[in-house]
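Protein chains: 2
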Amino acid sequence: MWWNPTIVFFGKGTITKLVEQLSAMGARSVLLLYGGKAVFKNGAYAQLSQALTKAGIAFPEIGGVKSNPRIDKVREAIARVKASPVDAIVPLGGGSVFDSAKAVAAGACYNGDVWDFFEGKAQVQKALPIFGVLTASASSSEVNGIAVVSNPEKEAKVSMNSPLIYPKVSVIDPSLQTSLPERQTVNGGIDIIAHLLERLLDGDEGTEMMDEQGYTLVRSMIRLIPELIEDPKNYEARAEYAWAGAMAHSGFFSCGRAARGDFSSHKLGHTLSLLYDVPHGASLAVMMPAWARHLCEENPVPFARLAENVFDNFDDVSDEEKALSAIESLEDFFREVGAPTTLRELDIPEGDIQKLADNAAKACPFGVLKALNAEDVLEIYKLAY
Amino acid sequence: MWWNPTIVFFGKGTITKLVEQLSAMGARSVLLLYGGKAVFKNGAYAQLSQALTKAGIAFPEIGGVKSNPRIDKVREAIARVKASPVDAIVPLGGGSVFDSAKAVAAGACYNGDVWDFFEGKAQVQKALPIFGVLTASASSSEVNGIAVVSNPEKEAKVSMNSPLIYPKVSVIDPSLQTSLPERQTVNGGIDIIAHLLERLLDGDEGTEMMDEQGYTLVRSMIRLIPELIEDPKNYEARAEYAWAGAMAHSGFFSCGRAARGDFSSHKLGHTLSLLYDVPHGASLAVMMPAWARHLCEENPVPFARLAENVFDNFDDVSDEEKALSAIESLEDFFREVGAPTTLRELDIPEGDIQKLADNAAKACPFGVLKALNAEDVLEIYKLAY
Numbered sequence: 091m092w093w094n095p096t097i098v099f100f101g102k103g104t105i106t107k108l109v110e111q112l113s114a115m116g117a118r119s120v121l122l123l124y125g126g127k128a129v130f131k132n133g134a135y136a137q138l139s140q141a142l143t144k145a146g147i148a149f150p151e152i153g154g155v156k157s158n159p160r161i162d163k164v165r166e167a168i169a170r171v172k173a174s175p176v177d178a179i180v181p182l183g184g185g186s187v188f189d190s191a192k193a194v195a196a197g198a199c200y201n202g203d204v205w206d207f208f209e210g211k212a213q214v215q216k217a218l219p220i221f222g223v224l225t226a227s228a229s230s231s232e233v234n235g236i237a238v239v240s241n242p243e244k245e246a247k248v249s250m251n252s253p254l255i256y257p258k259v260s261v262i263d264p265s266l267q268t269s270l271p272e273r274q275t276v277n278g279g280i281d282i283i284a285h286l287l288e289r290l291l292d293g294d295e296g297t298e299m300m301d302e303q304g305y306t307l308v309r310s311m312i313r314l315i316p317e318l319i320e321d322p323k324n325y326e327a328r329a330e331y332a333w334a335g336a337m338a339h340s341g342f343f344s345c346g347r348a349a350r351g352d353f354s355s356h357k358l359g360h361t362l363s364l365l366y367d368v369p370h371g372a373s374l375a376v377m378m379p380a381w382a383r384h385l386c387e388e389n390p391v392p393f394a395r396l397a398e399n400v401f402d403n404f405d406d407v408s409d410e411e412k413a414l415s416a417i418e419s420l421e422d423f424f425r426e427v428g429a430p431t432t433l434r435e436l437d438i439p440e441g442d443i444q445k446l447a448d449n450a451a452k453a454c455p456f457g458v459l460k461a462l463n464a465e466d467v468l469e470i471y472k473l474a475y
Numbered sequence: 091m092w093w094n095p096t097i098v099f100f101g102k103g104t105i106t107k108l109v110e111q112l113s114a115m116g117a118r119s120v121l122l123l124y125g126g127k128a129v130f131k132n133g134a135y136a137q138l139s140q141a142l143t144k145a146g147i148a149f150p151e152i153g154g155v156k157s158n159p160r161i162d163k164v165r166e167a168i169a170r171v172k173a174s175p176v177d178a179i180v181p182l183g184g185g186s187v188f189d190s191a192k193a194v195a196a197g198a199c200y201n202g203d204v205w206d207f208f209e210g211k212a213q214v215q216k217a218l219p220i221f222g223v224l225t226a227s228a229s230s231s232e233v234n235g236i237a238v239v240s241n242p243e244k245e246a247k248v249s250m251n252s253p254l255i256y257p258k259v260s261v262i263d264p265s266l267q268t269s270l271p272e273r274q275t276v277n278g279g280i281d282i283i284a285h286l287l288e289r290l291l292d293g294d295e296g297t298e299m300m301d302e303q304g305y306t307l308v309r310s311m312i313r314l315i316p317e318l319i320e321d322p323k324n325y326e327a328r329a330e331y332a333w334a335g336a337m338a339h340s341g342f343f344s345c346g347r348a349a350r351g352d353f354s355s356h357k358l359g360h361t362l363s364l365l366y367d368v369p370h371g372a373s374l375a376v377m378m379p380a381w382a383r384h385l386c387e388e389n390p391v392p393f394a395r396l397a398e399n400v401f402d403n404f405d406d407v408s409d410e411e412k413a414l415s416a417i418e419s420l421e422d423f424f425r426e427v428g429a430p431t432t433l434r435e436l437d438i439p440e441g442d443i444q445k446l447a448d449n450a451a452k453a454c455p456f457g458v459l460k461a462l463n464a465e466d467v468l469e470i471y472k473l474a475y
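Protein chains in written order, with the working numbering: chain B, 91 to 475; chain V, 91 to 475.
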C-alpha cells in the first residue's frame with residue numbers, strides 16, 4: 091500500500107499558503123506549538139503570527155517543546171485544548187514539535203491518557219487536523235503519520251502511528267533553515283541518511299529499482315551535509331536537503347519492501363536519547379555502524395551494495411571485504427562531519443552498557459535483516475563503545 | 091506544491107482491497123467501466139465482479155471504451171449515471187478507461203456538457219469518487235488528476251485537470267498485466283519514458299537530485315521493456331514496470347521544476363492519435379525524437395545530460411555531439427523494441443504534414459525548453475516524416 095495525503099507547500103514564503111488553507115476550512119483558532127527561540131530568530135514566528143492575525147485566526151500558544159520531546163509537554167497541551175477547544179494544531183518547528191503536535195491532535199479527541207496510543211492500548215479514532223510549518227528537516231514527520239515521544243517515568247521512547255495524524259498541510263520553506271546551527275544540520279542529515287539506509291539495508295531482494303532511487307538520495311546527502319557546513323546559507327543545498335528529508339521517511343522508500351525496512355538502528359538509538367538525552371542524529375551515528383558491524387559477517391550482501399552504490403566500486407573484491415569497507419567509509423563520513431561514532435565519545439560509561447542493553451532489549455526480538463535477541467543487543471552496544 | 095491523495099494497493103490479489111474500501115464507504119452500487127475483451131481474459135473482470143457480488147454491491151456496466159478514448163462514450167456513461175445514480179465509478183482497464191472514468195465522475199455531477207471541462211469553460215466543483223483497477227500501466231492515470239479525451243467533431247484531443255478527479259483508491263496488480271500484447275507493453279513503456287523525459291529535458295537547472303532519481307527510472311524502463319518482450323510473464327519485471335508507470339506522471343517528478351515539465355511531445359503526438367488513431371506510445375516514439383532534433387542545436391545541454399545518464403558517458407566530446415548521440419540512441423532503442431520512429435512508418439502521407447501542423451499549432455505557443463510557434467511545429471512534423 092502507498093498513501094500519503096499531506097499537502098506540501100515547498101519553497102520560500104509558503105507560510106501564507108498554510109494560512110490560506112486554514113481560512114478555507116473555516117478555522118477560527120488554532121493551538122500554536124513550538125520549541126525554543128529559533129523560531130523567533132529565523133523569522134518563522136513573525137511570518138506565521140502576522141499571517142494568522144491578518145486572517146483573523148486566534149493562536150493560543152505553547153512553547154518549550156524539547157528535542158526528544160516529552161509526554162508531559164504533550165499532556166499539558168492536551169489539557170489546554172480540552173479546556174479551550176481549537177480547530178487545528180499548528181506545529182512550528184522541527185520533528186519534535188511535529189511529533190508532539192500529532193500526539194496532541196489525537197490526545198485532544200480521546201478521553202483516556204494519550205500514552206495509551208504509544209503503548210498500543212488504544213487506537214486513534216479521531217484527531218484534530220494538523221497544519222504545520224517545518225523549520226528543521228530530519229524526521230519526515232511533516233509528511234508521515236508517526237510520532238515519537240519519550241516518557242522518562244516509563245523509561246520509554248516509543249512511537250505511535252495512525253493514518254489520522256498525517257499533517258493535513260505542511261509548509262517546507264528551506265529559507266527558514268539557513269540559520270540552523272551546524273550540529274543540527276549534521277544530526278538531521280544523519281537521521282535522513284539512516285531513514286534511507288534502514289530501508290536499503292533490510293536485506294530484501296528484488297528491490298533494485300527502488301534501491302537505485304534511494305541510493306541517489308544517500309549520495310546527495312553525503313554531498314549536501316559538507317556543502318552546508320561550508321556554507322549554511324546555501325539555499326539550493328538547503329532545499330535539496332529539505333526535500334530529501336521529507337522523502338526519506340515518508341513511506342515512499344518502503345514501497346516494494348516486504349518488511350518496509352529494518353529500523354533497528356533507530357530503536358537502539360532511542361535508548362541513548364531516552365537515558366542520556368543524546369541528540370537523535372548523534373545516536374544513529376553511533377548505533378548504525380555498530381549494528382552493521384554485528385550483522386555484516388553473516389549478511390554481507392546489503393552492505394556490499396552500499397559500498398558499490400555510495401562509496402567505492404571495487405573490482406575483484408569479495409562482498410565481505412566490500413561490506414567492511416562500506417561500514418568504515420560510513421563511519422569516516424560521520425566523523426568528518428563532526429558526529430560521534432562511539433558511546434565513549436558521548437561520555438557514556440562502559441559500566442552502563444548492560445543498562446542500555448536491558449532497556450533496548452525490552453523490545454526484542456526486533457529487526458528484519460536479523461531479528462535481534464537480547465544477546466545481539468548487548469553485543470551491538472559493546473561494539474558501539 | 092506536492093500532493094497525491096490516492097490510496098494505492100499494489101501487488102497480486104489486491105482487487106479485494108478495493109472492494110473492502112467500497113464497502114467501508116457504504117457503497118451500494120457502482121458504475122463499472124471497461125474497454126475490450128482483455129479484462130475477461132486476464133481474470134480481472136471475474137475477480138472484481140465476484141468480490142463486488144460477495145459484498146452486495148450492484149455494478150451496472152459499460153464496456154467498449156477505446157484507446158484514445160472518445161467523448162461520446164463518456165457522455166453515454168454520464169447519461170446512465172444521471173438516470174440511475176451510483177455511489178462511485180469503477181474503471182477496470184488502462185489509462186483510457188481511467189481517463190474516461192474521471193470525466194464521467196465529474197460530468198455526472200455537472201448540469202452542462204462534460205466537454206466544458208476540457209475547453210476550460212467550467213471547473214469541476216464536485217465529482218463521484220473513483221475506485222479503479224489498473225490492467226495496463228502507462229499513463230499514471232491511476233494516481234493523477236488528469237483525463238485526456240478525444241472529441242473528433244472538434245478535432246481535439248485535450249486534457250482536463252482537477253484535484254477532485256484523483257482516484258480515491260487504485261489497485262495496481264502487476265499479475266493482471268502478464269497477458270498484455272507485446273505492442274501494448276512497448277507503447278506503454280514509451281509513454282512512461284516520455285513522461286520522465288518530458289520532465290528531465292525541460293531545461294530547468296538546479297534539479298540535480300530529482301534528475302538523478304528520474305534517470306534511474308529511465309534506465310530501468312530501458313532494461314524492462316526488452317525483458318518483457320523476451321518474457322511477458324516475468325512478474326518482477328511487470329511489477330517494476332507498473333511502479334515506474336505509476337510514479338512517472340504522478341506529479342512526483344515535477345517537484346522542484348519551475349515549469350513542472352515540457353509536454354510538447356505529448357501535444358504533438360495527440361494530433362497523430364486524433365487524426366489517424368495512432369496508439370499513444372507510438373505517437374511519442376515518432377514525435378519525441380523529432381522535437382529533440384529540432385531543439386538540440388540551440389539547447390544541447392539537457393540532451394547531453396540524457397546521453398551521460400542513460401546512454402554512453404563519453405570523454406572529450408562536446409555537449410552538441412553528446413546531444414545528437416543521445417537522440418540517435420533513443421531512436422535506436424525505440425526501433426529495437428519495434429516502435430515506429432517516423433510518420434512514414436505510420437503510413438501518414440507527406441502531403442498531410444501541413445494539416446498535422448495546423449491542428450497542433452492551434453495550441454501555440456507551447457513548450458518550456460522552447461516555446462514553439464507554428465513554424466517550429468511544422469518543422470518538427472517535417473523532421474518526423
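Certain hints may be false.
Given that identical chains are not distinguished, each listed pair holds provided it fits within a single copy or across any two copies.
Claimed, not checked - Straight-line distance between alpha carbons at most 25 Å, and here's what the computed DMTMM-like set of lysine to aspartate or glutamate pairs gives:
1. K460 to E302
2. K102 to E302
3. K211 to D321
4. K102 to E418
Hints are computed from structural coordinates only; laboratory data are not their basis. Quantities reported herein were computed from a predicted structural model and do not represent experimental measurements.
Hints versus structure:
no. : hint         : verdict
1   : K460 to E302 : within (23 Å within a copy, 31 Å between copies)
2   : K102 to E302 : between (30 Å within a copy, 23 Å between copies)
3   : K211 to D321 : neither (47 Å within a copy, 49 Å between copies)
4   : K102 to E418 : neither (38 Å within a copy, 40 Å between copies)
Hint check: violations occur at hints 3 and 4; the rest are consistent with the structure.
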